[in-house]
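Student: Please build the complete structure, drawing on both the sequences and the hints.
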Amino acid sequence: MLNNPKWITYLLIFIVLLFIPRILSMHDLMLFEYGITFAIVGMGFNLLLGYTGLLSFGHGAYFAAGAYTVAMIAKYLPQAYSLELLIPAALFFSMLLSLIFGFVCVRHTKIFFSILALSLSMLLFSLLFKLYHITGGSDGLRVPLPTILGISFKGIRRPEFLLGTYYYVLLGMFTVSFLVMKGIVSSPFGKALQAIRDNEVRAELIGIRVRRYRLYAFVISGMFVGLGGALWTFVNGHVTADLSHWVFSGEIVYMTLLGGFGIFEGPIIGAFLFTFLKLYAMGHTEYWMFVIGATLIILVLLLPDGIAGAFSTLWSKIRKKSY
Amino acid sequence: MLTIEHLKKHFGFVKAVDNVNLNIRQGEIVSIIGTNGAGKTTLVNLISGYIKPDSGRILFLDKDITHSSPYVRIKLGVGRSFQLIQLFGGISVLDNVRTALFSKYEMIHNAWFSADRYASVMDEAIQILSNFNMSDKKDLTPKGLSEGDLKILDIAIAFALKSKLLLLDEPTSGVATNDKFKVMDSIVKVIKKEGISTLIIEHDMDIVSGYSDRVIVMHEGRIMAEGKPDEVMENKEVKATVFGIVS
Chain A
1 MLNNPKWITY LLIFIVLLFI PRILSMHDLM LFEYGITFAI VGMGFNLLLG
51 YTGLLSFGHG AYFAAGAYTV AMIAKYLPQA YSLELLIPAA LFFSMLLSLI
101 FGFVCVRHTK IFFSILALSL SMLLFSLLFK LYHITGGSDG LRVPLPTILG
151 ISFKGIRRPE FLLGTYYYVL LGMFTVSFLV MKGIVSSPFG KALQAIRDNE
201 VRAELIGIRV RRYRLYAFVI SGMFVGLGGA LWTFVNGHVT ADLSHWVFSG
251 EIVYMTLLGG FGIFEGPIIG AFLFTFLKLY AMGHTEYWMF VIGATLIILV
301 LLLPDGIAGA FSTLWSKIRK KSY
Chain B
1001 MLTIEHLKKH FGFVKAVDNV NLNIRQGEIV SIIGTNGAGK TTLVNLISGY
1051 IKPDSGRILF LDKDITHSSP YVRIKLGVGR SFQLIQLFGG ISVLDNVRTA
1101 LFSKYEMIHN AWFSADRYAS VMDEAIQILS NFNMSDKKDL TPKGLSEGDL
1151 KILDIAIAFA LKSKLLLLDE PTSGVATNDK FKVMDSIVKV IKKEGISTLI
1201 IEHDMDIVSG YSDRVIVMHE GRIMAEGKPD EVMENKEVKA TVFGIVS
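Heads up: the sequence lines are chains A and B, in that order.
Take the first sequence: its letter number 286 is residue 286 in the working numbering, and every next letter is one higher.
Count along the second sequence from 1, add 1000, and you get the number used in the working numbering.
Quick caveat, the hints were computed from the structure, so don't treat them as lab data.
None of these values were measured; they are calculated from a predicted model.
Hints may contain errors.
Said to hold, decoys possible - Over the 10 Å line for every Cβ pair with chain B, so calculated as not near, a few chain A residues:
| hint | residue |
| --- | --- |
| 1 | S187 |
| 2 | F189 |
| 3 | N199 |
| 4 | I206 |
| 5 | I208 |
| 6 | R209 |
| 7 | L215 |
| 8 | F276 |
| 9 | I298 |
Claimed, not checked - Subject to a maximum C-alpha distance of 30 Å in a straight line, what follows is the list of computed DSS-like cross-link-like pairs (lysine-lysine):
| hint | chain 1 | residue 1 | chain 2 | residue 2 |
| --- | --- | --- | --- | --- |
| 10 | B | K1063 | B | K1138 |
| 11 | B | K1189 | B | K1164 |
| 12 | A | K320 | B | K1063 |
| 13 | B | K1063 | B | K1162 |
| 14 | A | K320 | B | K1075 |
| 15 | B | K1189 | A | K110 |
| 16 | A | K182 | B | K1104 |
| 17 | A | K110 | B | K1075 |
| 18 | B | K1193 | B | K1104 |
| 19 | A | K317 | B | K1143 |
| 20 | B | K1180 | B | K1162 |
| 21 | B | K1143 | A | K6 |
| 22 | B | K1189 | B | K1075 |
| 23 | B | K1052 | B | K1063 |
| 24 | B | K1138 | A | K321 |
| 25 | B | K1138 | A | K182 |
| 26 | B | K1182 | A | K321 |
| 27 | B | K1075 | B | K1063 |
| 28 | B | K1137 | B | K1193 |
| 29 | A | K317 | B | K1063 |
| 30 | B | K1137 | A | K182 |
| 31 | B | K1143 | B | K1182 |
| 32 | B | K1189 | A | K321 |
| 33 | B | K1162 | B | K1075 |
| 34 | B | K1138 | A | K6 |
| 35 | B | K1189 | B | K1137 |
For each residue, glycine too, the CB sits at the ideal point set by N, CA and C.
Tutor: Okay, here's the thing in structure tokens:
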């Protein structure tokens, strides 16, 4: 593995990431932590878009599933409020939801799939919004700091928690997610998904059960997004029904397009860029959505492969010229 | 190997396949010719399970597969290529073949280890490409291939599934005239070596007479004539109907 230049680059980036809390200001570190959680979301989302060829406008639902699992346990089962239990619980509920929604969605493709995924996420949004007494409705739910391996963080302010232990928890979860997703996309299973993406008729005729494998991809994707949602709650400290709204799902699509869905690292880069772009745009103008929209138009017209995709193309052109 | 008994498929008033009886032996290369709308592609679609017949039976290796799904037929060894090439355009030539092999060996559920770890599958994929003289193009995507190479790759994928019966729908359509024989030579060399039974739909009579053991002529959903290529080409009814030659 370490004789591969790509893996050496990954290792070097990982080493730099270890020192990020010493490099960035507290404000930027918090943004960076948002970026890490969205990077996990982006990887999960891209298993469906980039590798299986299905564009979902409803992945906010699985993000909300992970986030609300944490918030609900905090409210209704505080004795189980430890990170070691919260993460498996968030994975379980996002798996369950993506299994149910995915079962319906994968019977269709293209725009029908996208709209169905969107509709189902809006159904969840309505439930989260209307069941005020359980979910907190539009006020949402507060998310306290969890215990980690029996260590309580009571009395510690959230920024301190995020600056110290939690950054390394996030980095660990991101690294594991990265390795697992890298394994999935390069495995025989990943090849089957790419075959389905490229030509579902032929995929069926080489013996791949297309609908079943689409569902597998949907569920794995939902679990990654749910994990991102669960980890995000501790950074944000609060969850609202908006997480399941199509606008938030659109942001997941946006960050994946920004980085580039044709390249494994694209959505990760897109997640960080989007987090910083959105916040700085919001900080400088009330028309921040205009900035986001204009960026998307420029991106689609000039860099259809996203920023990472454009760099990758440029790099391969430079390499070709040097030979 | 393949026996078809009284097979019928009608689309409304159109008798696409009408009471067809057919037998293909082990290792035999059979070509089907006929005018447009004669029912050739419908027959191949019925054999591969793409559409279901109205009546009749299809037996493959003495097993009744009339109502089996395409998936079951593929697993039993019925492979096919398409008139309009069906490939996986975003992955390499090697991965096109490798994915078929992973599917054949039921390894596609493995989501943990890199596909490159399965050296035996990699070697087999390279061997298949080498048999079809395509190993030097293994790292290209199909977008970088000529029409002839695309046809060969399409068939190499069907071959990778260890098909015992190959259904080739116009394997040389769209291929430049001077490449047609090169393409057919590559395909037939492998088919003969492995003893695969083959049913070819073809319009090019040079290809039909050059590579077939037997020719079947279809007209309006029925088998009009059958026999050795030379015999069939001399048949007056075939000459008049298929080639438009009236003597």
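Student: Check each numbered hint from earlier against the structure, then list the numbers of those it violates in ascending order.
Tutor: 1, 2, 3, 4, 5, 6, 10, 12, 14, 15, 26, 29 and 32
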